[in-house]
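Listed here are the chains, written in short residue letters.
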Amino acid sequence: GENVEQHPSTLSVQEGDSAVIKCTYSDSASNYFPWYKQELGKGPQLIIDIRSNVGEKKDQRIAVTLNKTAKHFSLHITETQPEDSAVYFCAGRGSTLGRLYFGRGTQLTVWP
Amino acid sequence: GAVVSQHPSWVICKSGTSVKIECRSLDFQATTMFWYRQFPKQSLMLMATSNEGSKATYEQGVEKDKFLINHASLTLSTLTVTSAHPEDSSFYICSSQGTGSPYEQYFGPGTRLTVT
Chain A
25 GENVEQHPST LSVQEGDSAV IKCTYSDSAS NYFPWYKQEL GKGPQLIIDI RSNVGEKKDQ
85 RIAVTLNKTA KHFSLHITET QPEDSAVYFC AGRGSTLGRL YFGRGTQLTV WP
Chain B
4 GAVVSQHPSW VICKSGTSVK IECRSLDFQA TTMFWYRQFP KQSLMLMATS NEGSKATYEQ
64 GVEKDKFLIN HASLTLSTLT VTSAHPEDSS FYICSSQGTG SPYEQYFGPG TRLTVT
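Protein sequence lines, in the order shown, are assigned to chains A and B. Residue numbers for the first sequence follow the numbering used here, so the first one is 25 and each next one is one higher. Residue numbers for the second sequence follow the numbering used here, so the first one is 4 and each next one is one higher.
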């Protein structure tokens, strides 16, 4: 099955700075890559996703890039705010209705 | 995004008893629902995949007789933890995948189970 690696495991940034989280995947057939934000004691929330036919997608302060050749994708958060502090998970899926394979998560802390 | 609810949000039960957790997709029809468990500071671990009207598919190492999953309708799936033991204490989260949005998977808020 798919293997998704995520780095770093922890990330601390100053408010207003940018944060970048990177993931790699192993299955070249994977075609969908969502990112989830999970706050303490809550379920993961889908914040952005990208399909394999797109190289970049942006939604306000959040953007995701995908490099199919290198099999890696990244989450970029600009102008970080303390409320961005959470655990972020990347995931990959090999078929339209298949299961998601998750990375280990990144604990992002934004200091005011 | 779509809304998925879970009930209860937390439950404490005694060892040996059974607990049922409900997962509902409130504003879309979920052809597929997934059940995960998550230990503190760890990633999501898929337990099983269920499609409406058919038997659930369990991941390797997950006991299907202990974790009973029923997906009776397009809006409701239940997970029953039978004969619960303290090691079953965890955060259980469901997610739903709809017919209209085959790519997106939306998660419920989770259920904290504590077995004493």
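Keep in mind the hints are simulated off the structure, nothing from the lab. Check the hints yourself; a few may be wrong.
[Said to hold, decoys possible] Residues from chain A that face chain B, not an exhaustive set, calculated with beta carbons under 7 Å:
1) Y56
2) G67
3) K81
4) R85
5) A87
6) R123
7) F126
8) G129
All C-beta atoms, glycine included, are put in the ideal place defined by N, C-alpha and C.
Results for each hint:
1. Interface restraint check for A:Y56: the shortest CB-CB distance to chain B comes to about 5 Å, inside 7 Å, so the restraint holds.
2. At a threshold of 7 Å, the smallest CB-CB gap from A:G67 to chain B is about 4 Å, leaving the interface hint in force.
3. Annotation: A:K81 was flagged as interfacial toward chain B, and the flag is violated, the nearest CB pair being 13 Å apart, outside 7 Å.
4. The closest approach between the C-beta of A:R85 and any C-beta of chain B is roughly 17 Å, which is over the 7 Å cut-off, so the hint fails.
5. A hinted interface residue such as A:A87 counts as satisfied when its beta carbon comes closer than 7 Å to some beta carbon of chain B; here the least separation is about 18 Å, so the hint is violated.
6. The beta carbon of A:R123 is positioned within 7 Å of a beta carbon in chain B (closest approach about 6 Å), and the interface hint is therefore held.
7. Interface restraint check for A:F126: the shortest CB-CB distance to chain B comes to about 5 Å, inside 7 Å, so the restraint holds.
8. At about 5 Å, the closest approach between the beta carbon of A:G129 and any beta carbon in chain B falls short of 7 Å, and the interface hint on this residue holds.
Taken one by one, the earlier hints fail for this structure at numbers 3, 4, 5, listed in ascending order.
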